[in-house]
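Student: Residues per chain, in single letters:
There are 2 protein chains.
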Amino acid sequence: MTLHGKHLIAGRITGDEAEGFRAWDPAEGAPLDPSFCEAGAADVAAAAEAAEAAFAAYAATEPAHRANFLERIASEIEDLGEALVERASRESGLAAGRIRGERGRTAYQLRLFAAAVREGSWVDARIERPVPERTPVPKPDLRRMNVPLGPVAVFGASNFPLAYSVAGGDTASALGAGCPVICKAHPAHPGTSEMVGRAILRAAEAEKMPDGVFSLVHGQGYEVGLGLVRHPLVQAVGFTGSLQGGRALFDAAAARPVPIPVYAEMGSVNPVFILPSALEKGPEALAEKLAGSILLGVGQFCTNPGLAFGVAGEAMETFARALSEHIRRGEPATMLHRGIRDRFCAGTDRLGAAQGVRRVAVAERAADPARTEAGGMLFRTDAQTFLANDMLAEEVFGPSSLVVVARDMAELEEVAHSLKGQLTASIHGDAEEIARHDGLVRALRRVAGRFIFNGFPTGVEVCSAMHHGGPYPATTDVRTGAVGDAALLRFVRPAAWQDFPSSLLPAELRDRNERGVRRLVDGAYSTEDVG
Amino acid sequence: MTLHGKHLIAGRITGDEAEGFRAWDPAEGAPLDPSFCEAGAADVAAAAEAAEAAFAAYAATEPAHRANFLERIASEIEDLGEALVERASRESGLAAGRIRGERGRTAYQLRLFAAAVREGSWVDARIERPVPERTPVPKPDLRRMNVPLGPVAVFGASNFPLAYSVAGGDTASALGAGCPVICKAHPAHPGTSEMVGRAILRAAEAEKMPDGVFSLVHGQGYEVGLGLVRHPLVQAVGFTGSLQGGRALFDAAAARPVPIPVYAEMGSVNPVFILPSALEKGPEALAEKLAGSILLGVGQFCTNPGLAFGVAGEAMETFARALSEHIRRGEPATMLHRGIRDRFCAGTDRLGAAQGVRRVAVAERAADPARTEAGGMLFRTDAQTFLANDMLAEEVFGPSSLVVVARDMAELEEVAHSLKGQLTASIHGDAEEIARHDGLVRALRRVAGRFIFNGFPTGVEVCSAMHHGGPYPATTDVRTGAVGDAALLRFVRPAAWQDFPSSLLPAELRDRNERGVRRLVDGAYSTEDVG
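Which chain is which? The protein sequence lines are S and V, in order.
Per the numbering used here, the first sequence runs over residues 1 to 531.
Per the numbering used here, the second sequence runs over residues 1001 to 1531.
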């Protein structure tokens, strides 16, 4: 496949290459062809208008038809074969094996949403039948279900060039819900984005979806993204990336004459609390596993554990020594792009220079800047220093972690209460000990979206019982998550029909339950027809 | 009961009467004793800190205990008897019968939320059991459910001094969800607010709920409310009132370092579309019913029909004449307070002065300003004038409506497309005719939260299949509604537990389903234990 470097707007290839930009191969330290177009206000408007024009027809498609579309996207992406793996690997510095795994996850997510949409009960249909004889006023016939919001803007993440990018969780859930998508490609992997975007368009054509159901625009700066969020036809936003970027989009959306929801998944330091009973059981094994979680994927996961807390003592020293040793021995590796490496270096420099913080381990083998490499780093401080300096609790994206040693359990609890919103919080210890420290557990429950027992935060299972989200600044919307089929609900709103004849109702609300969805009928769940 | 005019903060009566304000009897045109305190920043902080201090214990109460609390609030309010009816009637100008009906609705809502909380399935528990043998990585044990957000600020509405005020839908749903509530009393009915607030505190004491589970503060201006929304311990906001007030709170919440959700139910003009088949069937009967909906409660409902659209012709003229006649004959009545009457007069003056708009009916009997009265008013214009002047689509709170006559169905559809977000949209006609005008139907579906067939928007049934909400500016959050048990979901967030032993899980997620709630276990709903 030859990349054209242009926008894909309503099925048409458009854009002016004159003011383009190139992707960069972080491992080779060299630009990649071709040049990609920079979108302007006219491109954004054209994509939004096309999405709006497609909305009514797309929202009215049969659920099975939308499910086929999602499944077709999955197979079109798989059909891109090694060409996609190679381009994504070059643009991200991620190994081919990792890209293949992520491709599998991307296809799995698309098929998971397809299955939920095909089954159909996620629309939460509710029917209450009329009681004409009720006094003082008759009870009307009321029926309610979720309906799609309208065009959705999706911003891909650099650290998951497939699973949280052009055809990632946000796009899959918005398309599944019945919303057209306008994707702003991440400028670090525009070629990967174009390949996946073209796969989506092939799927749209094969499934005869309306033009405008999907558009892809390129751009390097914040302007294109802000323009998209401010466009009056855009009804919701999905974003995965930095706190700064997510907050800028949130602020722009809140300042609109008609504000819209922004689902931004941003920073998290994913604290790991290690109770004395866990340290006593085997500090070395714990240290080895934590080091693995810190170094996994060069630390470039939103669930990377950036803080580890324990109580002072001999076992904690053994643990800290073993952790340092693993970090020292870890191999430096190529980061996603230069900007991420620059921010990692600045963040770790800031940590190292902070009063009361010691850098206790650095990867032995020096990181090669020409290959955009970073190596693991470990810092250490005490709880009072941590409590006195907010900066120490901020995310440093990459393979770095700060060990905080508390004097006792009371101080550990105090630290837990000081934390900001997190995607995850992990706690290590035996059940009896944890049960004795209810205050600590409550503090962690308050800040995190997911609690992990004797485990580590990296590795996010995609299933109905997962929640990937959390209080701000982990996300801009604590009420939802980006992983699993509940993500569909981010792009819908409830609507009610009063006293409508069955023929004018959406299929899910008609007397005859032709789609066989689970419905709440007069207070009881049922898949039966309404008599 | 003697009113003390003070704040109720964490069960204590506090406040300085020096800078107080008085309620006003709109029917008598006279102030009402006593003087009420104006809350300052210290009062707001004390209430927020008390709510935060109560949160952990309150969130951990058994659902049945919280349900008892809500039911006890209902019976404490009922026990206030005629003293409450009298005070609420004097402060609002609403007739005693209407207040009694509203008291019934308030108690019904509290009991409905109590039943949902006691039953417990609303927490949406999901369990996926581990698959340790899965490759390449084992599947962990994952369990997820809704947990309460934290302290909630509630702003009462002036037009429902009981059902959408201190112990109204927002308070009931927040308390039911496990969130402490800080209520800002509406300054138009501070005495009613104090009586209901004290009833809530008696219920809290009887049920041994933690201090701080409920506080009530008084204030006349925006400052108290803004201070509450900006307080870092407040986690969500419920509001019913004007667009100006709701948007100010939304903006303050979005500008916080940690933004929080704002559920503001604001203005709506509730368009009624009358198709030719409905006019042909009986224009007089239709006009009589529409007039009844316009004049109901002096037009002081958020679902008041402020716009009626039809197609030019003889039947439309018959309809318009009959509607005018009913409006002329309607009795003026006392509005809620002087501010509302002033705004009604200004709004109808603006409509009357607009180019191309004619005032076609005014209540025959003149409204008495000394009794804060307003009478019905009807205006008329054509579709092109309506389309050219945004002001004509704005809400005028009170018994006023604008009839817009379109040349043909195409123009009617054009008008429908021009509308902003609405709580409701009504359509009159026969099913065959409506089915032929899919564009009109789609336009209405896009703007409204509830669609009504051959009916009128006033009268909001409280049940699971109701949706009372809609796109901005009807509300600030299109994804939720303030009526019915789905309102509980506004004050929770999902949380997941990974690999936790049953003993450390919330009751709803343990292997043994001791609360008997409906759970999604490995993809299938069940109330059984997990083996």
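Keep in mind that the hints were calculated from the coordinates and are not lab data.
A couple of the hints might just be wrong.
[Said to hold, decoys possible] EDC-like cross-link-like pairs, simulated, lysine to aspartate or glutamate; straight-line CA separation at most 20 angstroms:
(1) V/Lys-1208 to V/Asp-1033
(2) V/Lys-1281 to V/Glu-1433
(3) S/Lys-281 to V/Asp-1499
(4) V/Lys-1139 to V/Asp-1511
(5) V/Lys-1281 to S/Asp-499
(6) V/Lys-1281 to V/Asp-1430
(7) S/Lys-139 to S/Glu-461
(8) S/Lys-281 to S/Glu-461
(9) S/Lys-281 to S/Asp-430
(10) S/Lys-139 to V/Asp-1485
(11) S/Lys-139 to S/Asp-522
(12) V/Lys-1139 to S/Glu-317
(13) V/Lys-1139 to S/Asp-485
(14) S/Lys-208 to S/Glu-62
(15) V/Lys-1289 to S/Asp-499
(16) V/Lys-1420 to S/Glu-52
(17) S/Lys-420 to V/Glu-1052
(18) V/Lys-1420 to S/Glu-49
(19) V/Lys-1281 to V/Glu-1052
(20) S/Lys-289 to V/Asp-1511
(21) S/Lys-420 to V/Glu-1071
(22) V/Lys-1139 to V/Asp-1499
(23) S/Lys-139 to V/Asp-1499
Computed from a predicted model, the values in this text were never measured in an experiment.
Student: Indicate, hint by hint, whether the structure satisfies it.
Tutor: Against the structure, the hints come out as follows:
1. V/Lys-1208 to V/Asp-1033: Violated, at roughly 32 angstroms.
2. V/Lys-1281 to V/Glu-1433: This hinted pair holds, its Cα atoms lying about 13 angstroms apart.
3. S/Lys-281 to V/Asp-1499: holds (18 angstroms)
4. V/Lys-1139 to V/Asp-1511: holds (17 angstroms)
5. V/Lys-1281 to S/Asp-499: Distance ~18 angstroms between V/Lys-1281 and S/Asp-499 Cα, so the pair holds.
6. V/Lys-1281 to V/Asp-1430: Holds, at about 10 angstroms.
7. S/Lys-139 to S/Glu-461: violated (45 angstroms)
8. S/Lys-281 to S/Glu-461: violated (27 angstroms)
9. S/Lys-281 to S/Asp-430: Roughly 10 angstroms separates the two Cα atoms, so the pair holds.
10. S/Lys-139 to V/Asp-1485: holds (17 angstroms)
11. S/Lys-139 to S/Asp-522: Since the Cα atoms of S/Lys-139 and S/Asp-522 sit roughly 12 angstroms apart, the hinted pair holds (cutoff 20 angstroms).
12. V/Lys-1139 to S/Glu-317: Outside the cut-off at roughly 32 angstroms; violated.
13. V/Lys-1139 to S/Asp-485: holds (17 angstroms)
14. S/Lys-208 to S/Glu-62: Answer holds: S/Lys-208 to S/Glu-62 is near 12 angstroms, not above 20 angstroms.
15. V/Lys-1289 to S/Asp-499: holds (16 angstroms)
16. V/Lys-1420 to S/Glu-52: holds (16 angstroms)
17. S/Lys-420 to V/Glu-1052: holds (16 angstroms)
18. V/Lys-1420 to S/Glu-49: holds (18 angstroms)
19. V/Lys-1281 to V/Glu-1052: Not satisfied, since the Cα-Cα distance of roughly 59 angstroms exceeds 20 angstroms.
20. S/Lys-289 to V/Asp-1511: Answer violated: S/Lys-289 to V/Asp-1511 is near 28 angstroms, above 20 angstroms.
21. S/Lys-420 to V/Glu-1071: violated (36 angstroms)
22. V/Lys-1139 to V/Asp-1499: holds (10 angstroms)
23. S/Lys-139 to V/Asp-1499: violated (47 angstroms)
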